[in-house]
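**Student:** Here's the letter readout for the chains.
Number of protein chains: 2
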Amino acid sequence: MAVNAESSLFLKQVQSHIHERLSDFLCEQGRSAPRLREAMAYSVLNGGKRIRPALLYATCRAGAGNMAMADAAAVAVELVHCYSLVHDDLPCMDDDDLRRGLPTCHKRYSEDLALLAGDTLQALAFSSLSMAPAPAPICLHMLRTLADAARDMAIGQTLDLAAEGSIIDLVQLENIHKLKTGALIRASLLLGALSAGWTDSSTLAALEHFGDRLGLAFQVDDDILDIIGNTDVLGKAVGADQRLGKATYPQLIGLEAALELSAQLHKEARAALAELPGDTRYLTELTDYLISRDR
Amino acid sequence: MAVNAESSLFLKQVQSHIHERLSDFLCEQGRSAPRLREAMAYSVLNGGKRIRPALLYATCRAGAGNMAMADAAAVAVELVHCYSLVHDDLPCMDDDDLRRGLPTCHKRYSEDLALLAGDTLQALAFSSLSMAPAPAPICLHMLRTLADAARDMAIGQTLDLAAEGSIIDLVQLENIHKLKTGALIRASLLLGALSAGWTDSSTLAALEHFGDRLGLAFQVDDDILDIIGNTDVLGKAVGADQRLGKATYPQLIGLEAALELSAQLHKEARAALAELPGDTRYLTELTDYLISRDR
Numbered sequence: 011m012a013v014n015a016e017s018s019l020f021l022k023q024v025q026s027h028i029h030e031r032l033s034d035f036l037c038e039q040g041r042s043a044p045r046l047r048e049a050m051a052y053s054v055l056n057g058g059k060r061i062r063p064a065l066l067y068a069t070c071r072a073g074a075g076n077m078a079m080a081d082a083a084a085v086a087v088e089l090v091h092c093y094s095l096v097h098d099d100l101p102c103m104d105d106d107d108l109r110r111g112l113p114t115c116h117k118r119y120s121e122d123l124a125l126l127a128g129d130t131l132q133a134l135a136f137s138s139l140s141m142a143p144a145p146a147p148i149c150l151h152m153l154r155t156l157a158d159a160a161r162d163m164a165i166g167q168t169l170d171l172a173a174e175g176s177i178i179d180l181v182q183l184e185n186i187h188k189l190k191t192g193a194l195i196r197a198s199l200l201l202g203a204l205s206a207g208w209t210d211s212s213t214l215a216a217l218e219h220f221g222d223r224l225g226l227a228f229q230v231d232d233d234i235l236d237i238i239g240n241t242d243v244l245g246k247a248v249g250a251d252q253r254l255g256k257a258t259y260p261q262l263i264g265l266e267a268a269l270e271l272s273a274q275l276h277k278e279a280r281a282a283l284a285e286l287p288g289d290t291r292y293l294t295e296l297t298d299y300l301i302s303r304d305r
Numbered sequence: 011m012a013v014n015a016e017s018s019l020f021l022k023q024v025q026s027h028i029h030e031r032l033s034d035f036l037c038e039q040g041r042s043a044p045r046l047r048e049a050m051a052y053s054v055l056n057g058g059k060r061i062r063p064a065l066l067y068a069t070c071r072a073g074a075g076n077m078a079m080a081d082a083a084a085v086a087v088e089l090v091h092c093y094s095l096v097h098d099d100l101p102c103m104d105d106d107d108l109r110r111g112l113p114t115c116h117k118r119y120s121e122d123l124a125l126l127a128g129d130t131l132q133a134l135a136f137s138s139l140s141m142a143p144a145p146a147p148i149c150l151h152m153l154r155t156l157a158d159a160a161r162d163m164a165i166g167q168t169l170d171l172a173a174e175g176s177i178i179d180l181v182q183l184e185n186i187h188k189l190k191t192g193a194l195i196r197a198s199l200l201l202g203a204l205s206a207g208w209t210d211s212s213t214l215a216a217l218e219h220f221g222d223r224l225g226l227a228f229q230v231d232d233d234i235l236d237i238i239g240n241t242d243v244l245g246k247a248v249g250a251d252q253r254l255g256k257a258t259y260p261q262l263i264g265l266e267a268a269l270e271l272s273a274q275l276h277k278e279a280r281a282a283l284a285e286l287p288g289d290t291r292y293l294t295e296l297t298d299y300l301i302s303r304d305r
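Chains as they are written, first to last, in the working numbering: chain E, 11 to 305; chain B, 11 to 305.
To be clear, the hints were calculated from the coordinates, so they are not data collected in a lab.
Heads up, a few of these hints could be off.
In silico SDA-like pairs for lysine to any residue, Cα to Cα no more than 20 Å straight-line [stated by the list, open to error]:
id: 1; chain 1: E; residue 1: K188; chain 2: E; residue 2: E278
id: 2; chain 1: E; residue 1: K256; chain 2: B; residue 2: R45
id: 3; chain 1: B; residue 1: K256; chain 2: E; residue 2: E121
id: 4; chain 1: E; residue 1: K188; chain 2: E; residue 2: E218
id: 5; chain 1: B; residue 1: K256; chain 2: B; residue 2: Q274
id: 6; chain 1: E; residue 1: K256; chain 2: B; residue 2: S42
id: 7; chain 1: E; residue 1: K188; chain 2: B; residue 2: R45
id: 8; chain 1: B; residue 1: K188; chain 2: B; residue 2: A257
id: 9; chain 1: E; residue 1: K22; chain 2: E; residue 2: G57
id: 10; chain 1: E; residue 1: K117; chain 2: B; residue 2: E121
id: 11; chain 1: E; residue 1: K256; chain 2: E; residue 2: L95
id: 12; chain 1: E; residue 1: K188; chain 2: B; residue 2: K188
id: 13; chain 1: E; residue 1: K256; chain 2: E; residue 2: G207
id: 14; chain 1: B; residue 1: K256; chain 2: E; residue 2: S42
id: 15; chain 1: B; residue 1: K188; chain 2: B; residue 2: E278
id: 16; chain 1: B; residue 1: K22; chain 2: B; residue 2: R110
id: 17; chain 1: B; residue 1: K188; chain 2: E; residue 2: Q39
id: 18; chain 1: E; residue 1: K277; chain 2: E; residue 2: P287
id: 19; chain 1: B; residue 1: K59; chain 2: B; residue 2: R31
id: 20; chain 1: B; residue 1: K117; chain 2: E; residue 2: K22
id: 21; chain 1: E; residue 1: K188; chain 2: B; residue 2: E38
id: 22; chain 1: E; residue 1: K117; chain 2: B; residue 2: C102
id: 23; chain 1: E; residue 1: K188; chain 2: B; residue 2: R47
id: 24; chain 1: B; residue 1: K188; chain 2: E; residue 2: E38
id: 25; chain 1: E; residue 1: K117; chain 2: B; residue 2: P101
id: 26; chain 1: B; residue 1: K256; chain 2: E; residue 2: R45
id: 27; chain 1: B; residue 1: K117; chain 2: E; residue 2: A172
id: 28; chain 1: E; residue 1: K59; chain 2: E; residue 2: T294
id: 29; chain 1: B; residue 1: K256; chain 2: B; residue 2: I177
Stretches of chain B that chain E covers, calculated by requiring three or more beta carbons in the stretch to come under 8 Å of a beta carbon on chain E [stated by the list, open to error]:
id: 30; stretch: 72–83
id: 31; stretch: 146–160
id: 32; stretch: 168–175
id: 33; stretch: 221–235
id: 34; stretch: 292–300
Virtual Cβ for every residue (Gly too), placed ideally from N, Cα, C.
Let the sequences and hints guide you as you build the complete structure.
**Tutor:** Printed below as a string of structure tokens:
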């Protein structure tokens, strides 16, 4: 797990909390298929950074929301994230051998089991969320938000693969990232807001704008890290983007401009945060942490 | 499409109706990713038998239910079914080249696109259902039912793959089929019942028992067809089960006993139907049609 000097205490607390929730939830699933359970647990309980649950809890906290509702939603967004990583790593996709410093799911088990573990994790995400201790209209709103994000994420991944080896411009690159990474980040914030009973449209618009800027900053930083990062810290091979012929911000606008863009997006994310009601201290802490990860 | 002399008029009507609904729904999705849309349409609008939507509509009709609600649910169950077929056909799974007489999705497009089309279709199923014009508690109940079925289907598929080439008994085989095929059939019936406002527990229990017997009969017949069927009629290669070393009913108990079991399950399914309220004529028609498919 990449944790730098300015580590977020809140993120650490979330990591430990969501690990328990995910572990408890998976424990109840697929008893008749022990290898599948093992592959799912391997892919989920592996020291992931839990950024999406953290953003969800931080938003829920900002609105002094319902933590039990947030728990079900946080489990759901993390399961969607984990399923996408398992499928992204498959040989027909990014063909990655390492994930967080360990063999990827299909390397540790097999391709068919990794495919099915991913499929099951996606279904489990909706199963978890549909059991959230929330009023039916809110729970339904959450499910709709997650389903649309899961759809957009898969569409973004498709556009990303299609763009490999071809020339795309900044607008296209931003669109890919908004879908591939941004959709689930935005959904995490919205699910946190729903747990907190936020319904005011200007508040939700500010939150979406925040998520938009944060998601993009996160992706720009990811591209930068792929060039100047450290394999040991990242837990995956550096230079993978270049190897796969992926369009990146540094490649399109140069490393210096990418670093400037990251700083600008950070500023805009902080400005959007200032428009939110409640105690946004954890959202601020996470923003500062996420946009200054180990380089 | 396999349609025998005793074809079901109701099924034909459903096929045409759900084709329009699926086509309309997919038309609104993934505009920014044309290849993905094409791969999804190819995998969904391909003359499938639409058995699950038909069972759903037939149950809804039995309870004189809400057809708009049934539409959203029928689209959802068929999308889950189609996603599972796309993934099942992949090289790391059953490695099938043909589906309904046409190249499978990964053969027509590519493995990565087929994987992502399947992933997107699963997300779209929940997206469609979450927009059903139904009261929130009913819509939520439907989503929970579908999510659990999608989970069980993937678990069943895992158990089925794990059983390949190994010796299993009748109890294990029945468990695999209950999950792999039965779960989504049962969910289709329950979603139809929810569209019709059926909440009485003894009615729902009779419906589940019906689905259980029908699902099993359907699978026993599928196994029989794999031995004595006709490739032209089936639209896929005969003898695939044997090639893959899959356990089947004819293999475990012999062809004659499998035919008797099919007849017995048919009788039990009809008996369960008799316990349901409302006008079950379409459910009866479908049952008779499904358990006397082309051999």
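**Student:** Each hint: holds or not?
**Tutor:** Outcome of the hint check:
no. : hint               : in the structure
1   : E:K188 with E:E278 : holds, 16 Å
2   : E:K256 with B:R45  : holds, 19 Å
3   : B:K256 with E:E121 : holds, 19 Å
4   : E:K188 with E:E218 : holds, 12 Å
5   : B:K256 with B:Q274 : violated, 23 Å
6   : E:K256 with B:S42  : holds, 19 Å
7   : E:K188 with B:R45  : holds, 19 Å
8   : B:K188 with B:A257 : holds, 15 Å
9   : E:K22 with E:G57   : holds, 11 Å
10  : E:K117 with B:E121 : holds, 18 Å
11  : E:K256 with E:L95  : holds, 17 Å
12  : E:K188 with B:K188 : violated, 40 Å
13  : E:K256 with E:G207 : violated, 40 Å
14  : B:K256 with E:S42  : holds, 19 Å
15  : B:K188 with B:E278 : holds, 16 Å
16  : B:K22 with B:R110  : holds, 17 Å
17  : B:K188 with E:Q39  : holds, 16 Å
18  : E:K277 with E:P287 : holds, 18 Å
19  : B:K59 with B:R31   : holds, 15 Å
20  : B:K117 with E:K22  : violated, 45 Å
21  : E:K188 with B:E38  : holds, 19 Å
22  : E:K117 with B:C102 : holds, 13 Å
23  : E:K188 with B:R47  : holds, 19 Å
24  : B:K188 with E:E38  : holds, 19 Å
25  : E:K117 with B:P101 : holds, 16 Å
26  : B:K256 with E:R45  : holds, 19 Å
27  : B:K117 with E:A172 : holds, 17 Å
28  : E:K59 with E:T294  : holds, 17 Å
29  : B:K256 with B:I177 : holds, 9 Å
30  : 72–83              : violated (count 0)
31  : 146–160            : holds (count 10)
32  : 168–175            : holds (count 4)
33  : 221–235            : violated (count 0)
34  : 292–300            : violated (count 0)
When held up to the earlier numbered hints, the structure conflicts with 5, 12, 13, 20, 30, 33, 34 and fits the remainder.
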